[in-house]
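Q: Residue numbers 1192 to 1291, in this note's numbering, belong to the letters of the sequence shown in order.
Worth flagging that the hints you see were computed from the coordinates, not collected in a lab.
For every residue, glycine included, the Cβ atom is placed at its ideal position computed from N, Cα and C.
Just so you know, not all the hints are guaranteed correct.
Using C-beta positions, here's what the derived DEER-type ranges look like [what the hints assert, rightly or not]:
#1 1238 / 1201: 16 to 24 Å
#2 1286 / 1201: 18 to 26 Å
#3 1219 / 1281: 28 to 36 Å
#4 1263 / 1285: 29 to 37 Å
#5 1224 / 1256: 15 to 23 Å
#6 1199 / 1235: 16 to 24 Å
#7 1279 / 1213: 20 to 28 Å
#8 1277 / 1215: 30 to 38 Å
#9 1281 / 1237: 30 to 38 Å
#10 1282 / 1220: 19 to 27 Å
Keeping only pairs whose Cα atoms sit at most 27 Å apart, straight-line, the calculated DSSO-like set for lysine-lysine is [what the hints assert, rightly or not]:
#11 1216 / 1251
#12 1257 / 1282
#13 1284 / 1226
#14 1216 / 1289
#15 1284 / 1257
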Amino acid sequence: MVDDYIHETADGVILRVYAQPRASKTAYVGPHGEKGLKFTLAAPPVEGEANEMLCAFLAKQLQLPKGAVIMISGSGSRHKRIRLTGISIEKVKQYFRKWK
């Protein structure tokens, strides 16, 4: 199921994400139906705070520089697409399978 939300392009690995801001903690929840990989975010969806928290959280968990995690769509929505550079699709899939 995790594989459905992770794709490789010439520019890097793309994640399809469903974000829930204003949660009690920032965490990866797991696959969320057809919506994407679900993350809860402690930050509110104000002035990009939740988006910044999501990118920083992914960078830390995947051990990537912050600049390697870029939101390519969905900055004003719960449904987002995030590009990861400097990591293989195999490592990303393996990480999400073990993460939960």
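Q: All the hints need checking, so say for each whether the structure fits it.
A: Hint check:
no.	hint	in the structure
1	1238 / 1201: 16 to 24 Å	violated (32 Å)
2	1286 / 1201: 18 to 26 Å	holds (21 Å)
3	1219 / 1281: 28 to 36 Å	violated (18 Å)
4	1263 / 1285: 29 to 37 Å	violated (23 Å)
5	1224 / 1256: 15 to 23 Å	violated (31 Å)
6	1199 / 1235: 16 to 24 Å	violated (33 Å)
7	1279 / 1213: 20 to 28 Å	violated (33 Å)
8	1277 / 1215: 30 to 38 Å	holds (31 Å)
9	1281 / 1237: 30 to 38 Å	holds (36 Å)
10	1282 / 1220: 19 to 27 Å	holds (21 Å)
11	1216 / 1251	holds (15 Å)
12	1257 / 1282	holds (17 Å)
13	1284 / 1226	holds (17 Å)
14	1216 / 1289	holds (20 Å)
15	1284 / 1257	holds (19 Å)
Comparing the model with each numbered hint stated earlier shows that hints 1, 3, 4, 5, 6 and 7 do not hold.
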